[in-house]
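Trainee: Fit chain V to the known structure of chain H by using the hints.
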Amino acid sequence: MQAAECTWTHFEMLRPLCFKSPSTTPLFFNFSKHFQKGFSDSSFFRSNRRISNYPSFMATISSLSTHKDPVSTHDATPNITHQPVQVAKRLEKFKTTIFTQMSMLAIKHGAINLGQGFPNFDGPDFVKEAAIQAIKDGKNQYARGYGVPDFNNAIAARFKKDTGLVIDPEKEVTVTSGCTEAIAATMLGLINPGDEVILFAPFYDSYEATLSMAGAKVKCITLRPPDFAVPIDELKSTISKNTRAILINTPHNPTGKMFTREELNTIASLCIENDVLVFTDEVYDKLAFEMDHISMASLPGMYEQTVTMNSLGKTFSLTGWKIGWAIAPPHLAWGVRQAHSFLTFATSTPMQYAATVALQAPDSYFAELKRDYMAKKAILVQGLKDVGFKVFPSSGTYFVVVDHTPFGLENDIAFCEYLIKEVGVVAIPTSVFYLNPDDGKNLVRFTFCKDEETLRSAVERMKEKLKKK
Amino acid sequence: MEGKLSSVAKNFTPSSIQELSQLAQKCNAINLAEGFPDFPAPPCIKEAAVSAINNDFNQYRRVQGICDQLALKMKKTHGLNVNPLTDIAICCGQSEAFAAAIFSIINQGDEVLLFDPCYETYEGCITLAGGIPVYVALEPPQWTLDPEKLMRSFTSRTKAIVLNSPHNPTGKVFSRDELEIIAEGCRRWDCVAITDEVYEYITYDNQKHQTIAKLPGMQERTIITSSLSKTFSVTGWRIGWAIAPASAASAIQNIHIRITDSAPAPFQEAALTALRSPIEYFETLRGEYELKRDFCMKLLGSIGFRIQFKPQGSLFLFAELPKDCLLSDVEYVEELIKQAGVVVVPGRGFFHGNESCNYQKRYIRVAFCKSGATLNAAAQKFGELINAKACPKILY
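Residue numbers (the UniProt record's numbering), protein chains in the order written: chain H, 1 to 469; chain V, 1 to 396.
Certain hints may be false.
[Said to hold, decoys possible] Distance windows between CB atoms, simulated: (1) Ser51/V x Phe121/H: 15 to 21 Å; (2) Arg157/V x Glu129/H: 30 to 36 Å; (3) Glu304/H x Lys323/V: 49 to 55 Å; (4) Gln360/H x Ile307/V: 31 to 37 Å; (5) Gly65/V x Lys370/H: 33 to 39 Å; (6) Arg224/H x Gln64/V: 48 to 54 Å; (7) Leu72/V x Asp150/H: 37 to 43 Å; (8) Asn265/H x Gly65/V: 47 to 53 Å; (9) Asp275/H x Leu72/V: 51 to 57 Å.
[Unchecked claim] Residues of chain V placed beyond 12 Å of chain H at every Cβ, according to the derived structure: (10) Arg62; (11) Glu120; (12) Ile279; (13) Phe382.
Quick caveat, the hints were computed from the structure, so don't treat them as lab data. Where a beta carbon is used, it is the ideal one built from N, C-alpha and C, also for glycine.
With the rest of the complex left out, here is chain H (with noise of 0.2 Å):
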């Protein structure tokens, strides 16, 4: 273990700086409105106040286990009730994932999973074994918070293979336990509550629940089908002086869609115009295949005012690892590692010095990845589009998505429940990524992150049991 690389990661930790009293400090201070409804005096206990806000697909799927009913403990005093432990008023949004209900009503059907975005194949040996050495040599304590330093280097290398820039690996790369982490951090870090954001929708769901523990304002722009394209009108309606923040996701999560060069410039040229910071999740910037990858951080006087995050999970198929990064200009980054010193402290050791060696592959690895992947998206779209789905193109990710109409059903979940029960094939309903789920209700993505037979096999299944009204 290197003195250099281990020394006062927890130490430093002890005065990372001065918190002054709440009355000087107005960060988290001033919750937005939205969640001071009624505020409590200290009784804990409140009579069942639950968080139940579920949406109307859960009523649908009457099968799944939430595990959101207390269960009461054996207890020596049994006069006392055992009410709910009232939590947060910021929980509000906070529920089981849609991932996880479909997973586990998948499995009760026997059901292909084409829901979850994770592969069903492992990640490649020279990562692996990378990591199986470190846990050997002794690398299992605590890493540096803000990351182990040959793996900040290898991150800021990477950063300039793919944009150019050059940026200070010490300074300006902050390591987390996954991109959702980078976001959270990002998010907690340095959104004030009442600060507005927008979010384009469909987006992955965790940023819309991230924004509301940091007591964010959400600004909404859907981007609709066939293209998805930005609608920029609306943009630049929706962007203000007030605006604090935009996240952008390229490629893009549930869609495939990857932001053009022009719809970013105009981005751009609003967020300098306005002084906006830009967020931007590019976790399968590896698999771009129909245009090249754009990070925004690249686009002239952009850095200075983006958090570009990233992870290994996606590129290396090494998805439970948690391994992920936020690339920031210095006074952005401060705030984002002292979120992340209180979210998780440090991130994976052993992982980290694998993750060094995965991200200095060479160019036959990411170039062996996109042809793999394009290959599996052939089988699946062009079964999807055998089966009868109206498939819109989708030009990076993993992820395609499609409109199930054709087939008669309501909407979204109804349509993922008849799949999964009466076909055995697992997509995921979109409407969970819109924050008004009726945008989403024709539309459902499947994943071709998983081995050839297993794509072929689904679409067969589809084939045979799917049938058009």
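Mentor: Chain V alone, transformed into the frame defined by chain H:
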């Protein structure tokens, strides 16, 4: 862009601790500062992780078996009935479990009681969630809990109390009586106890760690957080958990999913092996750390310390500077680096609140979770120091 800095960013001051850190690195000092081991993790647990990676446990997963094992442990060790299906959230370390617990129950303006001295990170989490930390000082030199002081600290805005036992930095293990006092406060004021029990298996002199959750009326209002890290010397694996009544556990799980989505998959698998360790493992762990504790106490004794509070648990010795030493904690640590090539932590970083208490600048924290070689090397350095000068400068 300067105007874009958050208020928190603007309050940042560089840390004297970081400066000491750089000095220590420059001098290649023997590290008795950080709270993690410099000896290897148990081989069978590492093998379990290696095996998990080879067997393709590398995608998103939540290993329910961890919850089953934990429920068994809670029953066996504390006599508590915990439902493994509903009462346990698996997180990226106790750090995340604690953060998620705080976010699950703290609203803006809620007060959270903390004992002083304490681990710095709790305050950051609480503030991030909009809560207000309120400190209750433990009284030196024995770090005693004053029941009246505690009760006076509860207000109608108090939502929770944080209890870290065995305690970092003092090594105190809260007694049954003390737990009862805290429990009484929680029951009377309708508060939640959030515990940090990461050193639960590291207690000395036949002391046993007790969880406040097993006191009457407490299980339904306690969130227990802990992890593999200290028990199995794998602080870098990030496997921890929260155990709580189902509504809280479910909230914590849901928040965890939005913060990180899941804990590292191969290490979740390895956790199954770890949690099934035989009783001998824990006994050996305790025995070895007790020897290190004793060694460390002798070590400090040799350079003039009089240890008034013997650690009852954890990996730390919190020692008051010798009476005739006029240096502050930070100055002492600096001298120790320069003169003895050994680095420890100045205690002031663990204290909060009342700055006028002089004792807050008179403590150092020494971590003894180090190999025999490291501790012997430190002993040798101290030996040289004493031999070199009749009256080592650092004692004055």
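Trainee: Tell me, which hint numbers fail for this structure?
Mentor: Hint check: 2, 4, 6, 10, 11 fail, others pass.
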